[in-house]
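Put together the whole structure using the sequences plus the hints.
Chains as they are written, first to last, in the working numbering: chain A, 1 to 613; chain B, 1 to 613.
You may find that some hints are simply not true.
What follows is a list of derived Cβ distance ranges for each label pair [what the hints assert, rightly or not]:
1. A/221 - B/612: 51 to 61 Å
2. A/286 - B/304: 50 to 60 Å
3. B/452 - A/522: 26 to 36 Å
4. A/454 - B/589: 23 to 33 Å
5. A/598 - B/474: 34 to 44 Å
6. A/179 - B/577: 45 to 55 Å
7. B/577 - A/407: 39 to 49 Å
Chain B stretches covered by chain A per the calculated footprint, using a threshold of three residues with CB under 8 Å from any CB of chain A [to be verified]:
8. 482-493
9. 521-535
10. 598-608
In the BS3-like style, the derived pairs of lysine-lysine whose C-alpha atoms are separated by at most 25 Å in a straight line are [to be verified]:
11. A/552 - B/577
12. A/475 - B/526
13. A/577 - B/458
14. A/600 - A/479
15. A/502 - B/560
16. B/502 - B/526
17. B/577 - A/337
18. A/577 - B/337
19. A/337 - B/526
20. B/577 - A/600
21. B/600 - B/560
22. B/339 - A/577
23. A/339 - B/577
24. B/502 - A/560
Derived from the structure by calculation, the hints contain no laboratory data.
Glycine included, every Cβ here is placed at the ideal spot set by N, Cα and C.
2 protein chains.
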Amino acid sequence: MQLKGEVTVVGRFKRLLIGRPMKSAEIEGERLTKLKALAVLSSDALSSVAYGTEQILIVLMAAGFAAVWYSIPISLAVLGLLLILILSYRQTIFAYPAGGGAYVVAKDNLGVRTGLLAGGSLLVDYILTVAVSTSAGTDAITSAFPSLHDHRVLIALIMILFLTIISLRGITESASVLAMPVYLFVFAIFALIISGIIKYALGGVDAHPPEIGAAVSNISLFLLLKAFSSGCSALTGVEAVSNAIPNFKQPANRNAAATLIMMGAILGAMFVGISLLAYWYGITPNPKETVVSQIADSTFGRGVIYYIIQGVTALILFLAANTAYSAFPLLAFMLAKDKYMPNVFMVRGDRLGFSNGIIILGILSALLVVLFHGDTESLIPLYAVGVFIPFTLSQLGMMVRWIKLKPANWIIKLVINTIGMLTTLVITLIFIFTKFGHVWMVFLFLPVVIWIFLSINKHYRNTADQLRINMEADKPVIKGSTIVVPVAGITRVVMQSLSYAKSLTENVVAVYVGFDDEDIERMEKKWEEWNPGVRLIVLRSSYRSVIRPLMKFIDTVEWKSAETDHITILIPQFITKHWWQYILHNQTGLMLHAYLFAQKDVVITTVPYHLNR
Amino acid sequence: MQLKGEVTVVGRFKRLLIGRPMKSAEIEGERLTKLKALAVLSSDALSSVAYGTEQILIVLMAAGFAAVWYSIPISLAVLGLLLILILSYRQTIFAYPAGGGAYVVAKDNLGVRTGLLAGGSLLVDYILTVAVSTSAGTDAITSAFPSLHDHRVLIALIMILFLTIISLRGITESASVLAMPVYLFVFAIFALIISGIIKYALGGVDAHPPEIGAAVSNISLFLLLKAFSSGCSALTGVEAVSNAIPNFKQPANRNAAATLIMMGAILGAMFVGISLLAYWYGITPNPKETVVSQIADSTFGRGVIYYIIQGVTALILFLAANTAYSAFPLLAFMLAKDKYMPNVFMVRGDRLGFSNGIIILGILSALLVVLFHGDTESLIPLYAVGVFIPFTLSQLGMMVRWIKLKPANWIIKLVINTIGMLTTLVITLIFIFTKFGHVWMVFLFLPVVIWIFLSINKHYRNTADQLRINMEADKPVIKGSTIVVPVAGITRVVMQSLSYAKSLTENVVAVYVGFDDEDIERMEKKWEEWNPGVRLIVLRSSYRSVIRPLMKFIDTVEWKSAETDHITILIPQFITKHWWQYILHNQTGLMLHAYLFAQKDVVITTVPYHLNR
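What follows is the structure, given as structure tokens:
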């Protein structure tokens with residue numbers, strides 16, 4: 001029982017939190033059906049509906065109310081881009097059935113460094129996603145309950161903790177938890193759109209938006225591009241499905257493709273629907289009330305339905321973070337498999353998820369929330385650039401692939417990916433030019449991340465070279481042994497350590513550090529009297545330090561016999577009955593351990609001594 | 001060189017901060033002359049002058065301006081109490097030349113538990129002293145520079161850090177740093193008092209305080225007692241000298257007694273002087289300006305002298321904390337020597353101070369400052385009770401001593417200590433009754449502290465019993481050895497580990513944990529091919545954990561051969577060239593180490609493997 005971590009308090013708490021450990025073979029049961037996948041992987045993309053239209057309108061209002069009609073063609077352009085992205089990611093899914101995130105596609109077709117650029121960009125982006133979306137969800141809560149405003153950071157952190165635990169419980173379990181709110185959100189928004197259209201069709205709306213095509217004096221191409229790019233922030237999260245193919249039930253790629261198309265259709269319909277209603281109802285952005293809230297208010301009034309829509313919207317903004325929780329650990333796993341990230345990201349946890357990736361994502365996003373005191377709005381442009389760079393690279397990778405492999409219909413496929421690449425490239429450039437003040441960090445940050453990846457890789461390759469052996473020539477060699485046993489007196493602990501040492505070799509030396517002559521003489525006399533069959537060497541310390549004279553002595557031993565002998569230092573360790581008693585012992589042992597480990601090339605052996613009371 | 005911690009960055013930084021290590025024999029040079037002792041040990045007591053009179057006036061003002069004349073008799077009563085305390089502590093110094101803090105005196109005469117009550121009370125009190133006085137000093141700074149108000153906690157923490165470092169540098173060095181401000185403060189206050197008296201004598205003051213003896217309608221005994229006890233908070237810190245006798249130059253007790261009397265004379269003169277001036281100048285307490293500031297303003301106007309007085313006062317409030325820095329580590333040392341606190345408090349550091357006590361005091365008081373956001377005013381009554389409990393116990397102990405030993409003139413000595421005991425007891429009771437809302441915590445906290453002391457003591461005594469050996473009968477016993485080497489593949493690390501293990505015993509087993517049949521088969525084949533002369537045992541893990549199957553295997557080995565063999569687990573440890581590379585390796589080794597340490601009774605040996613690149 002002890003072996004499964006059941007007996008310890010920590011083990012029991014862990015099990016309560018994340019559930020029983022699962023066998024590796026159970027992984028098939030953890031895979032996702034299409035409907036569950038939609039819930040886990042689309043919350044990020046779908047939640048964009050809550051702010052996409054608003055982002056466009058905010059930019060357009062700079063040219064006055066007359067310009068709001070541009071939101072309709074711009075929304076259609078975003079819809080067009082969404083179509084292109086869906087089509088081109090569908091192609092990626094079939095081309096990379098083992099999971100075709102931007103990292104894999106770019107690495108495969110454009111070389112390792114480009115792949116790392118895409119991968120690093122996405123990793124950073126997932127962290128930003130969690131920070132931004134939990135902060136946004138918190139804002140929705142504190143708008144409803146202003147008294148909670150002072151606890152914003154705490155609320156966001158609790159949310160991150162909740163998402164982390166849910167993710168640690170495993171993929172299907174988190175899908176079950178998440179499915180309901182996602183479907184509720186989709187249902188609520190569609191109900192809103194349909195009711196809104198009916199109300200408008202029946203002439204129940206009394207607004208006079210500017211006619212479509214009306215001349216606007218001070219509109220500029222720059223402004224329109226900026227509005228378009230702002231609208232494109234609604235497309236973040238679309239790539240999640242193609243990353244996550246390994247999590248789907250078989251046939252994984254067909255299921256993933258179907259999920260992607262479902263998601264695209266729902267997202268497109270909701271986005272255009274909200275934009276249309278906003279235009280018809282003559283709604284203008286208002287810092288105190290979101291566009292969706294205004295539409296819901298105009299359609300249903302402030303009744304129960306209004307509050308349900310608001311509540312579900314807040315929920316989905318929170319849950320958008322969950323997409324990152326499924327994508328980040330997978331991407332980290334892929335980078336670790338290729339030796340660009342530490343090995344720990346390859347370990348599947350008790351519930352078969354990549355626990356370390358999940359935990360690191362939780363910690364880093366929590367850090368961001370704390371650093372920005374929950375005001376993560378300034379991170380949004382950064383986050384959008386972080387998505388569109390890998391979008392572009394992934395499309396470019398697919399283009400190269402079609403040209404190289406030339407499969408059936410490759411011209412059509414190439415055209416789709418080329419259009420996709422050009423559009424996402426343009427959007428990336430627009431982001432950079434229109435919001436340089438917010439995104440310049442990317443140009444410092446990404447090179448650092450890539451440099452880290454490459455350093456890790458170089459280190460792992462170097463290590464592998466150093467560890468490789470020649471199976472013919474390299475065999476274990478037997479040498480002599482010298483064991484040094486530091487002693488602090490004559491006690492049962494010392495007796496046990498000496499028993500152990502003498503069982504291994506004849507070459508055992510006990511060392512005692514004394515502070516004055518009297519002390520030293522007494523010890524020497526007592527040792528002679530006890531006569532344990534081991535030579536005692538006594539050192540004198542003028543600086544009250546036990547460590548320094550010992551280190552010096554070990555130096556001497558090394559110098560004299562490292563050629564012929566393995567040198568082992570024996571450190572007794574008290575195992576106390578209660579944890580708090582531990583701080584009452586072992587300090588010198590721990591210090592010695594740390595010093596030896598940091599400075600000496602010797603073997604360190606800890607011999608446990610159990611205190612029963 | 002490496003041995004003195006010089007080579008490491010940490011070592012060099014430590015040396016820069018606290019200075020070169022000192023030999024144990026240098027301790028005589030670290031002892032204090034009378035003048036330096038006055039600086040180190042009296043800052044707490046003398047700083048009380050900055051607020052003592054004010055505390056009295058604040059209470060009296062509850063009965064109206066007419067009642068302020070009571071401040072004169074009350075100040076004289078405080079002066080009387082000071083005289084008693086000085087006389088009785090002087091007796092203690094000669095009776096306990098090795099240092100007669102309340103802990104020692106109470107333990108010696110009233111039993112261990114009473115001693116622990118006094119000691120625990122003082123320990124807690126020193127922590128409060130540091131927190132309260134750095135916060136008070138910070139308030140003085142932020143009164144002058146209101147823009148710093150938001151950084152109060154940070155300023156207090158920096159001050160604590162500064163005091164901690166100064167104390168770690170050693171006693172005489174901190175005395176040199178502290179002497180100047182203490183003497184400046186004494187000089188400034190005496191200059192103020194003398195100038196103030198001259199101005200008053202020359203008729204330069206135009207105030208009309210109520211005449212002494214004038215009838216006050218609504219004065220009550222309760223109010224007078226409260227005012228008296230508030231004034232007594234000026235006496236905290238008087239006990240510092242008798243604690244610190246071991247830090248004095250020889251003849252230590254004569255020097256200590258002389259220092260105590262100097263301190264008492266200075267403190268008494270300053271306290272009564274300030275109280276007199278406050279009365280003559282008709283000053284009333286004002287939350288925005290301290291009494292000392294008002295007197296200085298009335299005497300000198302807001303010129304350079306005024307600002308010097310204010311600056312020096314702020315400084316002394318800060319430095320009051322330093323008394324605690326010299327007293328806390330000494331008291332912790334005494335408690336540790338008697339086995340009521342962890343051994344670590346007995347270690348003298350590089351600069352011969354008790355570094356661990358100093359560091360713990362810094363950490364705990366910093367924690368208090370952070371917890372209370374620098375608003376430590378509510379701690380003041382707590383702090384006063386914490387001082388008067390050991391005052392009382394110490395006097396009571398002296399009374400018992402005189403009755404038991406009956407030395408020459410013991411009746412006079414007994415009378416002095418009896419008066420002292422009764423007065424401090426009454427003050428303690430007044431504190432408890434008039435400020436119960438602030439001090440009730442003491443009654444929860446002190447029993448807990450004493451319980452901790454007793455638990456630690458019991459544990460150390462138990463340990464000593466368990467470790468004691470019979471020098472005749474108990475000798476080291478030689479047993480067999482089994483060494484288990486967990487391996488993750490066939491690499492140079494494994495080769496080295498096996499070489500080490502085979503050098504010690506024939507009984508070596510390599511263990512490999514495989515995740516599937518294919519994996520296991522491949523490893524078995526490679527091992528056979530390599531043929532290192534060690535048996536390989538292969539375990540299968542269904543839960544992807546390497547640790548659990550290993551722990552189970554070690555259980556089996558223990559069960560089979562713990563009777564006849566010492567069982568050793570060999571864990572290879574990568575020593576990387578750069579510290580950051582360390583996180584790329586060793587995870588499984590560390591986990592295994594932690595699990596084995598917590599759950600198994602086996603010897604753990606770490607074999608270092610150096611990566612050169």
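Check: Checking against the hints above, which ones are violated?
Finding: none
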